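J.: One letter stands for each residue in the lines below.
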Amino acid sequence: MLEELYDEKKKQLILGFLIGVGFGFLLDKGGATDFNIIVNQLLLKDFTVLKIIFTAVITGMVGVHLIVRYMSPELQPKPFRWKPIIIGGLIFGAGFAILGLCPGTAAGAMGTGAVHAIFGVIGMLVGAGIFASVYPHMSDFMSESDKGTVTIPDLLGVNAWWIVLIFSIILAAVMYLLEIYGF
Amino acid sequence: MNPLTSELWSPYLVGFGIGVLVWVGFLLSNKAIGCSTAYARSFGMLEKLVGGKEVEDKPYYKKFVPKIDWEWMLVLGVVIGALISSILSGSFKVETVPQVWDRTFGSSPILRLVGAFIGGLLLGFGARMAGGCTSGHGISGTSQLSLGSWLAFIFFFVGGILTALLIYGGI
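If you're matching them up, the sequences are chains A and B in order. Heads up, the first sequence is in my numbering, so the first residue is 1 and it goes up one at a time. Heads up, the second sequence is in my numbering, so the first residue is 1001 and it goes up one at a time.
A hint or two may mislead.
As the list claims (entries may be wrong) - As a list, the in silico DSBU-like pairs of lysine-lysine whose alpha-carbon atoms are at most 35 Å apart: (1) B:Lys1058 to A:Lys10; (2) B:Lys1062 to A:Lys83; (3) B:Lys1063 to A:Lys10; (4) B:Lys1093 to A:Lys147.
Said to hold, decoys possible - Covered by chain A, according to a simulated footprint, are these stretches of chain B (three or more residues, beta-carbon under 8 Å): (5) 1016-1022; (6) 1047-1059.
Stated by the list, open to error - Partner residues are not named here, just some residues of chain A that face chain B (Cβ under 8 Å, in silico): (7) Met1; (8) Gln12; (9) Gly16; (10) Phe25; (11) Leu26; (12) Ile87; (13) Gly93; (14) Gly95; (15) Gly111; (16) Ala114; (17) Val115; (18) Val150; (19) Ile152; (20) Ile180; (21) Phe183.
Calculated directly from the structure, the hints in this document are not laboratory data. This one's a predicted model, so the numbers in the text were calculated from it and none came from an experiment. Idealized CB from N, CA, C, for every residue including glycine.
Work out the full structure, taking the sequences as your base and the hints as a guide.
T.: In structure tokens form, the structure reads like this:
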């Protein structure tokens, strides 16, 4: 039944839109569409953003693993390429601090009236476009460290539920300590 | 108090809600929530307006075809969802220079808009190099226990914290 739904192109576009509406609504209710909250997170003064992400990851980890265990969807991890992930991640991080928003929260910030977020979005369009143009010249860099899709349970050769449990405990403990120390 | 009109919810409630949306995306669409490919596809669509059909032959656009897809609709939804939330709570406000930026760089709108554009440039390029953003790697990828996504998530924040301390932290 679900497989049939996946093939219904129009319904899927509507679903994507509705999930996006929920996502944007929640990002704004969490304060994550606010430049000040994100930059104060990066300055380690306000941990709202990490609390949102950590709770989303704990919730997501448990649910996604239940879904792949008992229902039709399968995991779709992105490939592990450590070189472009580290270099691209650092470039992303620099942009994250300067724009004070990320690709999702910048879209949300536009909805809340942030004019500067519109310029950030234009920058992201151009940045992604530049990447698309230089991509053919970077094929060695993009592929030389590609190990395919690697999940942490695969790497360690253990049942995924152990990792879900251990990571949930670690993330919850970090949030508990943040609360205790008044963040 | 009506939660729909309150400006901020507990970050734990928001995080749980986002986690549930990750389930819904997986279950009903067989897709992982992400945002950054929509920007690459959109630029490709704009390029097609100028360069015509040949643009689709670019190797990157063979991987990410410049057309409206599930994720593109999701990003559009994010704009609308945040608009609804901010109108309901009364926090919708035309903002050009955020407070923390103003404290470091002053109130010049031009400087902030140029800064936002440069920040966006780095985000768009970096996200496509790393293969995802704070949602695709940071929430959906980490939820799947993908090794690359955890690595990306760590380096997004390493880069972000270092840059923020450097430019706004006065060190």
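J.: Next, verify each hint and record whether it holds.
T.: Status of each hint after checking the structure:
Our distance criterion of 35 Å between C-alpha atoms is met by lysine 1058 of chain B and lysine 10 of chain A, whose separation comes to about 27 Å. Restraint check: the Cα-Cα separation between lysine 1062 of chain B and lysine 83 of chain A comes to about 23 Å, which is no more than 35 Å; the hinted pair holds. Between lysine 1063 of chain B and lysine 10 of chain A the CA atoms are separated by roughly 21 Å; this keeps the pair inside 35 Å, and the hint holds. A threshold of 35 Å between alpha carbons decides the hint, and for lysine 1093 of chain B with lysine 147 of chain A the separation of about 46 Å lies outside it, so the pair is violated.
With 7 residues having a beta carbon nearer than 8 Å to a beta carbon of chain A, the stretch 1016-1022 of chain B meets the requirement of three or more and the stated coverage holds. For the stretch 1047-1059 of chain B, the stated coverage by chain A is satisfied: 3 residues place a CB nearer than 8 Å to a CB of that chain, which reaches the threshold of 3. The beta carbon of methionine 1 of chain A is not positioned within 8 Å of any beta carbon in chain B (closest approach about 11 Å), and the interface hint is therefore violated. Interface restraint check for glutamine 12 of chain A: the shortest CB-CB distance to chain B comes to about 5 Å, inside 8 Å, so the restraint holds.
Using the Cβ-Cβ criterion of 8 Å, the hint placing glycine 16 of chain A at the interface with chain B is satisfied: the shortest such distance is roughly 4 Å. Below 8 Å, beta-carbon pairs count as interface contacts, and phenylalanine 25 of chain A has one with chain B at about 4 Å; its hint therefore holds. Among the interface hints, the one on leucine 26 of chain A holds; its C-beta lies about 5 Å from the nearest C-beta in chain B, closer than the 8 Å criterion. The interface hint given for isoleucine 87 of chain A holds, since its Cβ lies 6 Å from the closest Cβ of chain B, which is under the 8 Å cut-off.
Because the smallest distance between the Cβ of glycine 93 of chain A and any Cβ of chain B comes to about 2 Å, under 8 Å, the interface hint for this residue holds. Checking glycine 95 of chain A against chain B by beta carbon gives a least distance of about 3 Å; that is within 8 Å, so the hint holds. Given the 8 Å rule on beta carbons, the hint for glycine 111 of chain A holds: about 4 Å separates it from the nearest Cβ of chain B. Hint status for alanine 114 of chain A: holds, given a least beta-carbon distance of 5 Å to chain B, under 8 Å.
With a least beta-carbon distance of about 5 Å to chain B, the hint placing valine 115 of chain A at the interface is held under the 8 Å criterion. A distance limit of 8 Å between C-beta atoms decides the matter here; for valine 150 of chain A the minimum to chain B is near 4 Å, and the interface restraint holds. The closest approach between the C-beta of isoleucine 152 of chain A and any C-beta of chain B is roughly 5 Å, which is under the 8 Å cut-off, so the hint is satisfied. Interface restraint check for isoleucine 180 of chain A: the shortest CB-CB distance to chain B comes to about 15 Å, outside 8 Å, so the restraint is violated.
For phenylalanine 183 of chain A, the interface hint is violated, the least distance from its beta-carbon to any beta-carbon of chain B being 11 Å, above 8 Å.
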